[in-house]
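Residue numbers for the sequence shown follow our numbering, so the first one is 1 and each next one is one higher.
Treat the hints with care, as some may be off.
[What the hints assert, rightly or not] Only pairs whose alpha carbons sit at most 20 Å apart, straight line, appear in this in silico SDA-like list of lysine to any residue:
| # | residue 1 | residue 2 |
| --- | --- | --- |
| 1 | K186 | I174 |
| 2 | K657 | A633 |
| 3 | K355 | N308 |
| 4 | K81 | A34 |
| 5 | K355 | E331 |
| 6 | K173 | R162 |
| 7 | K173 | Q161 |
| 8 | K173 | A154 |
| 9 | K186 | R131 |
| 10 | K186 | Q202 |
| 11 | K81 | Y55 |
| 12 | K77 | L9 |
| 13 | K77 | Y55 |
| 14 | K81 | R22 |
| 15 | K657 | A669 |
| 16 | K186 | N165 |
| 17 | K81 | E57 |
| 18 | K475 | S295 |
| 19 | K475 | D546 |
| 20 | K475 | D363 |
| 21 | K355 | G310 |
| 22 | K186 | A130 |
| 23 | K657 | F620 |
| 24 | K355 | V366 |
| 25 | K173 | T227 |
| 26 | K355 | S307 |
| 27 | K81 | A41 |
| 28 | K77 | Q33 |
| 29 | K186 | A128 |
| 30 | K186 | S229 |
| 31 | K186 | R140 |
| 32 | K173 | D145 |
| 33 | K355 | T300 |
| 34 | K186 | R162 |
| 35 | K77 | S60 |
| 36 | K173 | Q123 |
| 37 | K355 | G313 |
| 38 | K475 | D544 |
| 39 | K475 | S528 |
| 40 | K81 | D92 |
Think of the hints as simulated: they come from the structure by calculation, not from any bench.
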Amino acid sequence: MVDVALSPLGGAGWQFLDDNGRILSGGRLYTYQAGTTTPEATYADSSGNVSNGPYVELDSAGRPPSEIWQLSTQNYKYELKDADGGSIRTYDNIPGIASSVEFDQFVANIGSSAGSSYVGFIQAGTGAVARTSQDKMRERVTPYDFGAVGDGVADDTVALQRFANYVMSNNTKIPFMEGVFKVTSKITFTGTANASPVINCQARINASFTAEDEIVRFDSWNFGNLTGSLAVWGGGGSTWSTRTNGIGVLINNCARLNSEMIYVQYTKYYGIKNTGTTTLNNFGLVSTRWCGTRSTTGVTLTVSSVSNTGSAGSIGQRTELTCNTVPSYIEAGISMCIIGGGLYFITAIDTVSNKITVYPWIDSTVTYPANLELLVGGGFYAAGGDASCIYIGTLDAIQCAIGIYNRSLYMTSVDNGVFQSNGVGFVLGASITSGSRGGQCALSYYEGNSFDIVKLTTDDSGYIFGSARVINYAKCLSFAPRDGSNNFSFSSTVFNGMSLATLTPSHDFAAGGSTSPITATTTPAPMSFYNISRNTQTINLAQDSDLNRLFGYGSVYIMAEGTGANLNPTGTWTFNPPSGGTINGAAVGVPLTVSNMAYPTLFHARSGNGLTWTITYSAFTKGQNSANRGTTANRPTLTATEIGVMYMDTTLVAAGKPIWWTGTTWVDATGAAV
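Could you build the full structure based on these sequences and the hints that come with them?
In structure tokens, the structure reads:
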């Protein structure tokens, strides 16, 4: 049996006539393969079992003695001849007539899931290769191919996860994730060796479930590229207690992942969290809102009593707090808290005994019961591998516990940072003793944060803030232990190894232009130096205590010179203390005046608290220095014009006590006559 179709020429009930309209009695219908003279048999019925041979001989009425069926798989050539063998007509490339069943089957085939494989496609242009429509359309893969609705109402969890599984295991040409997708469990993209290198995204994922872990997770997707915009919204709202999801986007063990834009809001802990061996990831724009607990929308505990351990000035000092409750979600060694306006690092928790241990000691002026504001989580968390070196083009963090928690050894760099209404805007370091290296924030803006920039690590990180706008230096701090007088250890509060808007710490010059080749232990505080060429000058002393605290600029040297014969100032120099301040132990508000200077004079002004100032000065004389040492009896005889000459009196102190000539008497550094 062969597959046959009714012939359109003589198939059933035909009667043939000649050109004159006479019945073609005894005529013959020859059948060939299309386009040839090779005979091809036809068949007497639809079974295809009875062959008509190479021709069909017509009866006396000009009709075929049976039906004519041809092979359905090929076209035929037909030639009609009269009884004498004369050719009347030739018909070539004639296909068989499809039955309704066959047509229905054709329609069914085209409409089936494999239908596009029957339809051809070729791109315009020289060299284009013929393909099926199915191959062409499979270039683009979307969640809708797996049943997603994408209206933000229907549950698209299964479809979205199937999409993720497919693109992570098939090198799909063009994956697209577009629409608003409601999910009732987390979506995981787990990279494989055959994962797609790119996902084109214009999507928002709305979480409609309760879980402390992440909403979207990228795992081991190396060299991946997330183009476009991905928004992830947790359940709940701006108030922390209403939020239902822990983390917006978790990026784990991903190397060199690139993302154009990620926006996350309403998470209990972190907006975007980088963990594992995550390395060299690149983010174009990161925007986070209401991530973590802080302030009035967060969690506040009550502290009833405290107990200090450790010693003054030691980073081992701790304060144990007894609280009304201690939530288990606090991350010891990561989370922070605010008590009495001060920031503290949480080192341990005991949820059974309701104890929280913090560093450093709590300010002794805090009274109890006291409120404790928890800072748990944050907008962007970076704690990848040692060489993480994450880069962010623009980071926008608003109403988060911490805007960016920079916890890697090689820290995250940010081109532009905007930090508003956070517990802490910018945190540097993983722990008190952790190593931290490099990184920079080219431009940053701060507004409404409890603290702007916080340096947790004691390491000289080398982090550079190129320009910080609307920054309140009182809201910047470096974690430091307290001394026995409830003050922070000054040497620890300095932003060692950092640069903030051209202000630099330790052994750098004030302008930050170069570093001294001479070092000392403990590292000396930096200084400012001025050279003023004026005969008469008034200096108004003032000190920004926060800049002094952060960068150690507690003193200033001023070289005074003028137009005198020895380049000495010929007039009077006046130093005014700040309001409520003193100079060299004199009464409050009394200035120091210096006149009759015989030589250029170097003044040194220093204050630890901004109010109590000590000013010493010495003349730069010609060739006197080698002789300016000796006993009280051998003090040089000076004139009233040789003010500022220093003498090392070995009678007062064996090693030599420095004293200065005022024009009328000798005084020590306190201004007392000696």
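Against the structure, the hints come out as follows:
1. At most 20 Å may separate the alpha-carbon atoms for a hinted pair to count; K186 and I174 exceed this at roughly 23 Å.
2. Between K657 and A633 the CA atoms are separated by roughly 14 Å; this keeps the pair inside 20 Å, and the hint holds.
3. This hinted pair checks out: K355 and N308 have alpha carbons roughly 13 Å apart, not beyond 20 Å.
4. A C-alpha spacing of about 18 Å is found between K81 and A34, which places the hinted pair at or below 20 Å, so the restraint holds.
5. For the hint pairing K355 with E331, the CA-to-CA distance comes to about 13 Å; that is within 20 Å, so the pair holds.
6. Straight-line distance between C-alpha atoms of K173 and R162 comes to about 17 Å, which keeps the hinted pair within the 20 Å bound.
7. Proximity of K173 to Q161 is assessed by CA-CA distance (about 18 Å); at most 20 Å being required, the pair is judged to hold.
8. Under the criterion of a C-alpha separation no larger than 20 Å, the hint pairing K173 with A154 is inconsistent with the structure, at around 27 Å.
9. Restraint check: the Cα-Cα separation between K186 and R131 comes to about 38 Å, which exceeds 20 Å; the hinted pair is violated.
10. Straight-line distance between C-alpha atoms of K186 and Q202 comes to about 19 Å, which keeps the hinted pair within the 20 Å bound.
11. Straight-line distance between C-alpha atoms of K81 and Y55 comes to about 10 Å, which keeps the hinted pair within the 20 Å bound.
12. Taking the CA atoms of K77 and L9, the gap is near 10 Å; set against the 20 Å cutoff, the hint holds.
13. Taken as a hint, the K77 and Y55 pair is honoured in the structure, with Cα atoms around 11 Å apart against an allowance of 20 Å.
14. Simply put, K81 and R22 have alpha-carbon atoms about 13 Å apart, close enough for the 20 Å limit, and the pair holds.
15. Of the supplied pair hints, the one linking K657 and A669 holds, its CA atoms being roughly 9 Å apart against a limit of 20 Å.
16. Distance restraint check for K186 and N165: the Cα-Cα separation of roughly 13 Å lies within the 20 Å cut-off, and the hinted pair is therefore satisfied.
17. With a C-alpha separation of about 10 Å, the suggested pair K81 and E57 falls inside the 20 Å cut-off, and the hint holds.
18. A distance of roughly 15 Å separates the Cα atoms of K475 and S295; the hinted pair therefore holds under the 20 Å criterion.
19. Of the supplied pair hints, the one linking K475 and D546 holds, its CA atoms being roughly 9 Å apart against a limit of 20 Å.
20. For the hint pairing K475 with D363, the CA-to-CA distance comes to about 16 Å; that is within 20 Å, so the pair holds.
21. Restraint check for K355 and G310: the C-alpha separation of about 17 Å stays at or below 20 Å, so the hint holds.
22. In summary, the hint linking K186 to A130 is not supported, as the alpha carbons are separated by about 41 Å, beyond the 20 Å threshold.
23. Between K657 and F620 the CA atoms are separated by roughly 18 Å; this keeps the pair inside 20 Å, and the hint holds.
24. Our distance criterion of 20 Å between C-alpha atoms is met by K355 and V366, whose separation comes to about 18 Å.
25. A C-alpha spacing of about 14 Å is found between K173 and T227, which places the hinted pair at or below 20 Å, so the restraint holds.
26. With a CA separation close to 10 Å, the supplied pair K355 and S307 stays within the 20 Å bound.
27. Proposed proximity of K81 and A41 is supported: the alpha carbons are some 17 Å apart, at most 20 Å.
28. Proposed proximity of K77 and Q33 is supported: the alpha carbons are some 6 Å apart, at most 20 Å.
29. Pair hint K186 plus A128 does not hold up; C-alpha atoms about 42 Å apart against a cutoff of 20 Å.
30. A hinted pair counts as satisfied when its Cα atoms are at most 20 Å apart, and K186 with S229 qualifies at roughly 19 Å.
31. At most 20 Å may separate the alpha-carbon atoms for a hinted pair to count; K186 and R140 exceed this at roughly 24 Å.
32. Straight-line distance between C-alpha atoms of K173 and D145 comes to about 15 Å, which keeps the hinted pair within the 20 Å bound.
33. For the suggested pair K355 and T300, the alpha carbons sit about 15 Å apart, so the restraint of at most 20 Å is met.
34. This hinted pair checks out: K186 and R162 have alpha carbons roughly 12 Å apart, not beyond 20 Å.
35. At roughly 24 Å between alpha-carbon atoms, K77 and S60 are farther apart than 20 Å, so this suggested pair is violated.
36. Straight-line distance between C-alpha atoms of K173 and Q123 comes to about 17 Å, which keeps the hinted pair within the 20 Å bound.
37. With a CA separation close to 23 Å, the supplied pair K355 and G313 exceeds the 20 Å bound.
38. In summary, the hint linking K475 to D544 is supported, as the alpha carbons are separated by about 13 Å, within the 20 Å threshold.
39. Simply put, K475 and S528 have alpha-carbon atoms about 23 Å apart, too far for the 20 Å limit, and the pair is violated.
40. Under the criterion of a C-alpha separation no larger than 20 Å, the hint pairing K81 with D92 is consistent with the structure, at around 15 Å.
Comparing the model with each numbered hint stated earlier shows that hints 1, 8, 9, 22, 29, 31, 35, 37 and 39 do not hold.
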